[in-house]
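Chains as they are written, first to last, in the working numbering: chain F, 3 to 411; chain W, 330 to 559.
Bear in mind the hints are in silico, worked out from the structure with no lab data behind them. The reader is advised that the hints may include incorrect statements.
[What the hints assert, rightly or not] Derived DEER-like restraints, expressed as beta-carbon distance ranges: (1) W:Asn469 with F:Phe356: 43 to 49 angstroms; (2) W:Gly352 with F:Leu6: 47 to 53 angstroms; (3) F:Lys308 with W:Leu397: 32 to 38 angstroms; (4) F:Phe356 with W:Tyr426: 37 to 43 angstroms.
Glycine included, each C-beta is placed from N, C-alpha and C at the ideal position.
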Amino acid sequence: MFDLDRWREIFQSINKNRLRSVMSGFTVAFAILLFTLLFGIASGLGNFFKEAFADDAKNLLFFRAGRTTKPYKGLQTGRKVQLKNTDYNYVTEEYTDNIQYKTAKINKNLIIKYENEASNYGVKAVHPDYQFLEKIILYEGRFLNERDLKLKSKVIVIGRLIKKDLFGEKLALGKRVNVNGSSFLIIGIFSDENTDRESEAYIPLTTNQMMYGSNDFIDQINLGYNPKLSTDAAIAFGKKVERDMRKKLNIHPDDQSALSVRNMAEANKFVGIIMLALYLIIAFIGSGTLIAGIIGISNIMIFVIKERTKEFGIRKALGAKPSSIVGMVVQESVLITTLSGYLGLSLGTYILSFIGNSLEEKYFIKDPSVSPTIVIGATILLIISGLIAGYIPAKRAASIKPIEALRAD
Amino acid sequence: MIRIEKLHKSYPIGKDSLHVLKGIDLHIKEGEFVSIMGSSGSGKSTLLNIVGLLDTHDKGAYYLNGQLIQGLNEKKAAILRNKFLGFVFQSFNLISYKTALENVALPLYYKGMNRKERLIIALDYLDKVGIKDWANHLPNELSGGQKQRVAIARALVTNPKVVLADEPTGALDSTTTDSVMDLLKDINNEGMTVFVITHEEEVANQTKRIVRLKDGVIISDEPTIASKNL
Chain F
3 MFDLDRWREI FQSINKNRLR SVMSGFTVAF AILLFTLLFG IASGLGNFFK EAFADDAKNL
63 LFFRAGRTTK PYKGLQTGRK VQLKNTDYNY VTEEYTDNIQ YKTAKINKNL IIKYENEASN
123 YGVKAVHPDY QFLEKIILYE GRFLNERDLK LKSKVIVIGR LIKKDLFGEK LALGKRVNVN
183 GSSFLIIGIF SDENTDRESE AYIPLTTNQM MYGSNDFIDQ INLGYNPKLS TDAAIAFGKK
243 VERDMRKKLN IHPDDQSALS VRNMAEANKF VGIIMLALYL IIAFIGSGTL IAGIIGISNI
303 MIFVIKERTK EFGIRKALGA KPSSIVGMVV QESVLITTLS GYLGLSLGTY ILSFIGNSLE
363 EKYFIKDPSV SPTIVIGATI LLIISGLIAG YIPAKRAASI KPIEALRAD
Chain W
330 MIRIEKLHKS YPIGKDSLHV LKGIDLHIKE GEFVSIMGSS GSGKSTLLNI VGLLDTHDKG
390 AYYLNGQLIQ GLNEKKAAIL RNKFLGFVFQ SFNLISYKTA LENVALPLYY KGMNRKERLI
450 IALDYLDKVG IKDWANHLPN ELSGGQKQRV AIARALVTNP KVVLADEPTG ALDSTTTDSV
510 MDLLKDINNE GMTVFVITHE EEVANQTKRI VRLKDGVIIS DEPTIASKNL
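The shape of chain W in the complex, shown without the other chains (with noise of 0.2 angstroms):
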């Protein structure tokens, strides 16, 4: 689904430039459920920029579902966005003005749905992510998990090939974290690939696979004891 090799990355700091990522490679298969772990600076969030086409590489390859990713224009890129990928942010990015299940029916818009269609949709994924009720809120009314169950439902409604999700738990206490663990679980268990970035232990420990980020290079990539009790 997803194959880097050999990935740089530097970002330009006044003369200087910071070389973020040092030659990533990675292979993430159909279905999988990784996750990558590192300290602040250690090219994580890059590492997830890159592959959610929001960032480009310097050198290297991606091939997003086999196909290489190179050159791409904002509107390619939008295109493969709202095709592959779907995106969970930690600090939700839902947009202030738009109910939840206006929120969760824009990428269908973006892909060229009509309404009606989207609107039906939008409420079968929150129902869900078990928020159906909260339909016609708007973000500011809602909890913080509620939020983020919202931000998964736009992120799974254009029935992505991959679910990136950037420190989803971040800002959601424990409790509520887990249920977001679980719903990312269940997401997964139905076949999903899922992409998470976190720095926490208790959360990548519930992922199959452990992808430890350090100054830009791999220093870990072994499965969780998660995944072995299956």
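Excised from the complex, chain F in its bound form (with noise of 0.2 angstroms):
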């Protein structure tokens, strides 16, 4: 198949029409370009959208109380609306099937002092399933587990930061602090890249009942609805627990501020749908600029071909096969939109690479980038195109006799 004579045949048409290699070049390399920015693009904005919803556990829904704003059943606005353990326990035991992580919150601020260093911070009572809603991850010793909450153990998990703060270089692990007046043993440190939460710590929640208040109060209700349940049966699994819980604590089915929710699922479709949009936009753009691409291609063949009309001509008199006519052109045109298609390819990339991640602030893209299926996928485009747009005028010009081509100008 390889045949040098050919191809040096085709080197010599190129190197010596290099205008016209040039311009059919320029149209598919600008194409691909145009392509592969697009779609550099468009996954960029995919890639922080996923990311900005990824860091929790996607399938996160959370119950908190506050005051009513509409009377119902006789009771009054303004009543404050208090979330307890057994709420908790009922949700938890009644839809366990759909449940897959689950875990109780109370909120509190509080001084931790060690030695000499104190400062405030956000200390979290908690079950042990909250490590994974919020997805941490310890890099020293463990997170809460049962028994913590069982033995109501005086045991802290605290943020990198607050261990920079108090302990600095020093081993932290094992170490006791003192929080709001008791001592707590530090079992764990975790890490949380890009949130606030490297300054928080986690108690377990008994432990935190039997300290402050001696009650069976909780703020917040964190659940984690079981991964396969689908974005619709998420969100109506969501519905029926609000429901039962304004039924539960007489609450008005309207009143939003009495009892917020918030379902990860609903946030998911959401994204869902503007992603699936933003890809057909750009799919639609993207394929509309190929096709442009094509047709210029095509186009300019058809003029080249035109142009060269005479030339197939006396090749053909000097004993050319049509076949010989119609291969060189393919193989030419093949060349110019496969190597052009890379350039254009190749250009597209290093920009997406070169624009990383300085635009994620501003507007919201994050690591731009193809996937090697669209890559090869355009790439098999091309030389596909460049075989049609090469072959249908070059046989065109080949079937010509040799008299007319000879006579054309």
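Could you fit the two chains together into a complex? Lean on the hints.
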């Protein structure tokens, strides 16, 4: 298949007709460049959205109580609704099949002190599942476990920044800190980049209830619904739990402030729709660009072949078979489209990598890039279009009688 | 070498058709130097194109080197052209982006010869037509006479059976015309069959046989004085 002489003919033809070759190459390179940039930027937007929602467990559903703003069943507005352990137990037991992770949460701001260093930190009293719901990564020690809760142990898991504040470079794991007057054992240190969570600390919920108030109040219930649920099923599940809770707590069905519910499934669905729309638009524009490029190269090839009709006539008079002329033109066309397409692709990829994350803050574009599938697909499309763009007019030119071709000017 | 019997050719013009060749009978033997004369529209170019397998005939028979030419497809025609025929055109028809040497070597490429070999042979033929020094020049750097010499070298390079020349001197001044004709005569003297189309008496007179064509029929076919002098 490799015919050195054929290639030599082609390189000579390309080299001696640079303007023509550059023009046709430019069309393709530009189309592919635009295509790559469009897809890259779209995927960058996608990456940003994905990351923005992926940090916490995607299947998060949480409830928080406030004050009523609507009278209901003879109860006044302005009543403070208090969530309790019983509410937590009710929800988690009633819907155990649909729940993957569960935790109650009490938010406190407490002074944590070690030797001479002390500062005010957010201290959250939670269940062990909190680790999975918030995707907390421990780099030393362990998170709270069921035993800690059962024994109401005075143990604490601190964020990286608290450790840095209080201990500096010294060892913190296994040391005791003073939390609002009581001594707590540090059992774990976690990091959670890109959030302000690193200056938080976690203690067992039961310990907190025992020490501060000796009641069964909780501030919040966080659930991770079963990830096997579809988005719609998860939304329905959230609504059902919400209705139950409102009924149980005597809250007006529309009173958002008395019981606020946040279901990530809804946000996920929204993001999913936006992403789909975005990809459809990009796919539309992208394929339009590609088609424009293909039409461009086809046009140029038609022109080029018309221009070379006489040359083909001469070649045929000298003994060129039609197949050799078609082969030469197609090979030249494929070579130009492939090379310039690859050039456009490389340039596009380079620009995308150059952009990197620099547009993240202003334009929500994170790590824009094109997937290998799209790259391979676009390349194959290019080769095929080069084939077609060359083949059709070449076939026509080769079938012209040499005498007519020779007459052409 | 070339035998033509009752050859007819017409071209469609709209609904009508123009009858260009009306029963031509012609026999050219190996080693002849024949010119076809006629005014424009007499059908001489059509005849040459048919002989050169650049065009097809409607009726009659055409034998090239004893082979009946009938229903050729482009591929077969291309092979026959490459093997048996060499062309010299009025407008030279050199490929503009190839050097003189590459132009001459091109028929050998289509013959399937390797590059090294064909460049050696091509240079040999350029030497033969006297413009070896111009081998690496592009056609637009050559004079008309030089271009036609390149074209003649190209026509000869495959060592064909017949050289077909369509108004080979039509674009040249008288001095160059003479030198080109001298070259064609030399080729003929070496045994090559040469078939020239012209409308110039002086050119025709330098060949050995003149066939006069008028309105698609041969009106005379006689040897020239030049041939008698030999």
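Practice problem: Sort out which numbered hints this structure fails and list those numbers smallest first. | Solution: Violated hints: none at all, because every hint is consistent with the structure.
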